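With the sequences and hints as input, model every part of the structure.
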Amino acid sequence: MLYGIRAVVLRYANVVGPRLRHGVIYDLLMKLRRDRTRLEVLGDGTQVRSYIYVDDAVDATMIAYERAGEGFSAFNVASEDWITVRDVVQIILRELGIENIEVVYRSIMHGVGWPGDIKRIALRIDRLKALGFKPSMNSEEAVAKTVKALALEFEHG
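In my numbering, the protein residues as written are 9 to 165.
Please keep in mind that the hints were generated in silico from the structure rather than gathered at the bench. These numbers come from a predicted model, not from an experiment. Treat the hints with care, since some could be wrong.
Straight-line C-alpha distance at most 27 Å; calculated DSS-like pairs for lysine-lysine [stated by the list, open to error]:
#1 K153 x K137
#2 K39 x K127
#3 K137 x K127
#4 K153 x K127
#5 K156 x K142
#6 K153 x K142
#7 K156 x K39
#8 K127 x K142
#9 K39 x K153
Label-pair ranges, simulated between beta-carbon atoms [claimed, not checked]:
#10 S144 x I106: 41 to 51 Å
#11 F80 x I106: 43 to 53 Å
#12 E149 x G124: 24 to 34 Å
#13 S144 x E110: 34 to 44 Å
#14 A138 x G165: 36 to 46 Å
#15 I106 x Y20: 25 to 35 Å
#16 D35 x E88: 36 to 46 Å
Cβ atoms here follow ideal geometry from the backbone N, Cα and C, with glycine treated the same way.
Here you go:
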């Protein structure tokens, strides 16, 4: 161990949950608060992401901190699966009970939503799982639970 320093680096996927105030879920919910007849989505909807619920992200952080070896260690913190932005849209509409809506996908440059966007972010968590981490929910469950929590927050101000 160089200079007696222990370092643990964590690369997080999309961490979601209550009080979320950025990212595709929040942005789509804000658009739906303004207009429940038409939803514009950045990108072609085929962008792939992993969504991890905040409680699982905290558990992963603690496990990495407590169980990583000496020296330098790097871990991805994500769920074990990936879903598309189209999947996220469908989860949101389902959880909010919205059926009759026009969904418009607006893509630029190879299907992404904005310059610098990445088409596929699919983190593997094998190294973290080897330390004993297992997410309690998959990406769909994390998104659905987040949508429910945010809908309640918006409703109650």
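Checked hints:
1. K153 x K137: Answer holds: K153 to K137 is near 23 Å, not above 27 Å.
2. K39 x K127: Distance of about 22 Å is within 27 Å: holds.
3. K137 x K127: Within the cut-off at roughly 25 Å; holds.
4. K153 x K127: holds (24 Å)
5. K156 x K142: holds (23 Å)
6. K153 x K142: Holds - the C-alpha atoms of K142 and K153 are around 18 Å apart, at most 27 Å.
7. K156 x K39: holds (16 Å)
8. K127 x K142: Holds - the C-alpha atoms of K142 and K127 are around 26 Å apart, at most 27 Å.
9. K39 x K153: Measuring from Cα to Cα gives roughly 19 Å; hence the hint holds.
10. S144 x I106: 41 to 51 Å: violated (27 Å)
11. F80 x I106: 43 to 53 Å: holds (47 Å)
12. E149 x G124: 24 to 34 Å: Distance hint for E149, G124 holds at roughly 29 Å.
13. S144 x E110: 34 to 44 Å: With a Cβ separation near 35 Å, S144 and E110 satisfy 34 to 44 Å, so the hint holds.
14. A138 x G165: 36 to 46 Å: Holds - the Cβ-Cβ distance for A138 and G165, about 44 Å, lies within 36 to 46 Å.
15. I106 x Y20: 25 to 35 Å: Holds: the Cβ-Cβ distance is about 29 Å, inside 25 to 35 Å.
16. D35 x E88: 36 to 46 Å: violated (25 Å)
The structure fails hints 10, 16 (numbered hints given earlier, in ascending order).
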